[in-house]
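Colleague: Sequences are here, hints too, so could you generate the full structure?
These are the residues of each chain, in order.
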Amino acid sequence: MPDVTLVINGQTVTVPAGTNIVDAARAAGVAIPVFCYHPRLPPVGMCRMCLVEVWTPRVDPATRQVVIGDDGKPVMALMMGKLQPGCVTPVSDGMEVRTATEKVHVAQKGQLEFLLTSHPLDCPVCDKGGECPLQNLTMQFGPSTSRFDYGDKIHFEKPIPLGDLIYLDRERCILCSRCVRFQDELAGDPVLGFDHRGRAWEIISKSDPPFDSKFSGNTTDICPVGALTSADFRFKARVWEVRPTASICPHCPVGCNLSLDMRHDKLMRVMPRENDYVNEIWICDKGRFGMRFIESADRLRHPLIRKGDSLVPAPWDEAIALVAEKLSQIREHAGAASLGGLAGPELPNEDLYLFQKLVRQTLGSPNLDCSTGASGAPEVVDLAATLGVGRGTNLAKSGAGTAVLIMGADPEEEAPLYVLRLRGIVARGGDLTVINPYPTKLERSAARSIRPHAGFEAFAALALVKAVLDQGLIATEFVTARVQGLDELTARLREQSVESLCETAGVSEASVRAAAQAFATAEHAIIIYGRAALAAGEDVLRALTDLALLTGKAGRPGSGVIALLPGGNARGALDMGVHPGAGSRRGMGAREMWAAARDGRLRGMIIAGMDPARDNPAIAAALDALEFVVVQDIFLTETAQRADVVLPTASIAGREGTFTNAERRVQRFRQARIPEYNTPAGWEVMQRIARALPPGRSESVTDARPVAGRRAQRASGATATATMDAPPATWDYAVASDVADEIAATVRGYAGTTYASLGLTRAPEWGRQPDEAVYYDGTSYQNAEGIGIQIAATADDPKTVFALRARVPAPFTRHATRPYLLLAVTRAYDGGEWGRESKLRSRMVPPHVILSVADAAAHSVAPGAIVRLESDAGRIELPVQIEVTLPQGLVLIPDVCGTPLSTIQTGPQTWVAISRVA
Amino acid sequence: MPPLTEHVVLRDLDIVNIADFDVYLQHGGYEALRSAVTEHTPADIVQVVKDAGLRGRGGAGFPAGVKWGFLPKGVYPRYLLCNCDESEPGTFNNHQIIDRNPHQLIEGIAISAYAIEAHTAFIYVRGEFAAAARGLERAIARAYAHGFLGKDIFGRGYDLDIFVHRGAGAYICGEETALMESLEGKIGQPRLRPPFPAVAGLYGKPTIINNVETLANVPMIVRNGAAWYRQFGTEKSPGTKVFSIAGHVKRPGNYEAPFGTPLRELLYSPDYCQGIRGDRKVKIVVPGGASAGWLTAHDLDVTMDYEALAAKGSMLGSGGVIVLDETVSAVEVAYKMDEFFKHESCGKCTPCREGTYFLVKVLHRINHGHGRKDDIPLLHDVYNQMAGNCFCLLGESAVVPIRSALRLFPHEFEQAISRAGNGHAIPLIPAH
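Listed in order, the protein sequences are those of chains W and S. Numbering-wise, the working numbering puts 115 at position 115 of the first sequence, and it's gapless, one number per residue. Numbering-wise, the working numbering puts 1302 at position 384 of the second sequence, and it's gapless, one number per residue.
Take the hints with a grain of salt, since some may be wrong.
Unchecked claim - Quick list of in silico lysine-lysine cross-link-like pairs, PhoX-like style, CA-CA up to 25 Å:
(1) S:Lys1279 to W:Lys158
(2) W:Lys153 to S:Lys1104
(3) S:Lys1279 to W:Lys109
(4) W:Lys839 to W:Lys441
(5) W:Lys206 to S:Lys1104
FYI, nobody ran anything at the bench for these hints, they're computed from the structure.
Modeller: Okay, here's the thing in structure tokens:
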């Protein structure tokens, strides 16, 4: 856009055309006070706080020429003869803005006097006090006294719940509509609105249950007064008492930047921390209200050792010694391959790295995994490491010219903040296609929604590839340089037509062609896939890969592939080698380990931060069959209860570490408090076990290959040459950054991700203006603790060449006697351990099954009725919920705690029969 | 200026039962529509309306033909909205038109929709006009039945649907963008401009919104030509205006008179209101709805046209003339009028929502004998904090009564306040 030059308070400024006066003034270092305006929301010009004098060159109506005065300068005229709201007035060339005149001061004082007429002035007991724009701007611009009678103030009952999470104080509300607009325009959950009019105007919730949105907490941040407060933080602390600590949300692969606001060692509240590359200034309610678990009284405090049927507290030395003794015994008697390790995808990189080092190198077993191995758990295939989104991608800047394709994912449940990010891309002119076998909320924001029959997703994905080939949408330059196998692919698909593939998938050919066209012709394009795509199998991912490659949407910023995997650090777990294929010798994955446990080939396991036995009797039985199990966790989980030794660890509040998000951004979190109950970080536990182990035969570390000590390596600046099999054999980590340094030195792609680099904020591209309190006070915290580093994907190296691998899926046949296809779907509020002590407990749903209207009618079941589901694996009974938009023949079971999914699932997609019980 | 011998808009006064479809037809009804659709291009119609100098009767007086010309070329669909949310205090001419002469409005809408190439028109009727709205719907049904509305009007391939929508009782919905919000099913509050309705109005499409009276003029202009129309009124305010005259006159009601008729004639002429009740003196005349600046007995020679009233610091507005004689208290009038604006403030912007509330609180206490010494400067400050700072004209209008009252009758405020200090009774009506 062309630039516009104007004068603000005598200072000449050049800003892009279309900029409003408030933002232009901010660029010039001039603060214009605002209430309703928020730079991340469309302006409305309601509060009239930003009134300024706007002078423009006078134009002769007859000649349309600027009138030149005697002094040779344009004659200036006050726009419309009155003050103008800066937030809705765009700048123009030659404009002169005056923000500090008497007239402006009178108006500012006047608006503040008005806003305070019915304000209760209860700052001393208001949660916003101390970070309140109304308070601050009144001090700066307002009158010192009010002429409005105290007795004339309007009183409301205060506060009233807008929902179970957010309270509204109507006396404090200045009716700026920031919250309503956030819900309408950004979150896409238009659940707030206004009722009545005039001075009786008030915010209401229109949804049932009230304020039904996963982003509700953000409204308390952007509320410029204390009208909206959260049930989680009300009256907990004064904001000046809290010590904000930079953290990262561990709940999902977005990796939102958080601030844990601590008073002494107590968590007072969770706030977002600004990072345009990740979460802008928003977080979802799971991140905000789902961190209370760190202070749960149920946290493990001491190591536990099995004595007969019970687990009894034991000193650390004894527990570690026992673990070392048992593990080395098994290794001596049955070989290292009879040991296995599982580590959860919520653990930080440091823990995961040392976990795999302990298992793979020190114990010498290749059996490692980061998934539970439950029968219905899909194979985790993460294209982020190969294709990924190009390094430098910033979704906050993507918009017009970007096409996004969602394939088999429900971002609202799997990675909620992506809803805001993607809706932002659409709002800025981007194109969105949603392909999913069942309805999701995001499809309301999409240009097209394509709903393949469940089980036939691969045909829809292949139809996209075929459409690209048919319609000549291939990016010739990229394909010639970096892609192999085009002729073979064309040959493989010769017999197919877009029409027949679409017919098989049950989707509209026109929509598929339009989606392919939009994807291929956009300057940038991004594929996002999730649980439903993984459940549909490898053919979907092969087709998606080829779609990105054929259209050249890989290896450059703003394009590529994002995987929504379960857990906050699945990307990190895979990078750190916590999967069976990471070493030189392939080991057993989780599923094979459970089989091996049952038949005695696997004798001992070490499990960290994972609860595979939850709701899974088969795995519980396999655990019971093992000779020795050590579990490291923060709660006494189902799995921990079956362990021989349980080792407690610190939560993310009690230690520091790093996570890698879905876009491969490595981000650092800081220690917010002394470790709870003096529990060590997970990596420390690994180190203790490793040090306690007697030196034994290790399969992959060879004496012949000298590996420099970690410290020596760091000093000499040696580059990463070691593989997962051969990191330095030493275990002398004093602090978490020692582990991070070794990760930077040995893990592919992680070079340079030292704590120091991760803590940079990259000024001047980044960083706030000093006066941004005007907008942000009481909202997100300035990010001074680092925006992380996005590591390169394989595709970012222009020399890498990819092979096209899409293939025609095997014909998908329906089950003869079980006519319904069951999919397990993710729910953000799944009732997991993270929800302990959380206000979100009321939002957790009990186990249930979701049927379409037609299928419910066919079995004459009403909501709440119990149905029996029966598959080849077994049968379960669950209460019914009916979903109006669910396609017939598809059955969804939310994957929430207490759902015995493993009893019925034969795989990620399971054929079931339904019968009514009650 | 002589009174009209024949009415242009209030033809129900000349022709008995013109609301009846057959009577309307007998008197040349829908001939203008037939002529427009079969003999003229849309551009011709726009031109004749421009030539006639037809000005918007809703209040702003903007030339209708010029407004129609603001539609962006080649952007469809377009909508025509007829604003019948007549809520301005003292204004009641739209109601008479839709109640007594609905077909002239329907014909005017049809011709105007044809002129702006719209195929859908909406009539937004004030909620309280329930019976009239039903009559309007019956009239529209007759027009459909005779092929004057609907598909392929007069066999020329022009389609038009007219929908009647009743409001839910909010003054602000007469503001054109709030009206569109309301019509879209949202809370009735004004929209930010730009974009202007002609560019992005109802449902984001180019929209023309005209007052009932404006559109009711169109058939007569098309039938008789611009020159005929310009024989009425003044050079800059051509045509006639229906003045709704209410208050302390002997014969209140709607009077259609040429623009430029002196106010005194409207109030005292035997053709119009025949004087003030009890032959008292005029104290306050609000010439164009509650939003217009006050006139006094000294201003009665002003001519009733846009220019002359603007020169007096008032406005013609909606043509709702409120006449108050010497028995009223200026304080109470200001209080009542601002009470109205407070009641009708939508709440969207701070100065209107809080300012009207503040003003009324102060006016209430002065009017009820509890005024304070500082209240007069306070009132000046409060309306100055509103003036020019509001989101739409409602808040700006609320400034007018109190500013007029304080300018014209400051002593009444001082008197009310000083008496309050002396513990006197409530000074509702000043002594004469």
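Colleague: Just to be careful, I want the Cα atoms of lysine 1279 (chain S) and lysine 158 (chain W) compared with a cutoff of 25 Å; is the pair within it?
Modeller: 23 Å, holds
Colleague: Does the structure keep lysine 153 (chain W) and lysine 1104 (chain S) at a Cα separation of 25 Å or less?
Modeller: Cα-Cα ~29 Å, so violated.
Colleague: Does lysine 441 (chain W) sit within 25 Å of lysine 839 (chain W), going by the straight-line distance between their CA atoms?
Modeller: 23 Å, holds
Colleague: Between lysine 206 (chain W) and lysine 1104 (chain S), does the CA-CA distance stay at or below 25 Å?
Modeller: 13 Å, holds
Colleague: For the pair supplied as a hint, lysine 1279 (chain S) and lysine 109 (chain W), is the alpha-carbon distance within the 25 Å limit?
Modeller: Distance ~20 Å between lysine 1279 (chain S) and lysine 109 (chain W) Cα, so the pair holds.
In this structure, only the earlier hint numbered 2 is contradicted, and the remaining ones agree with it.
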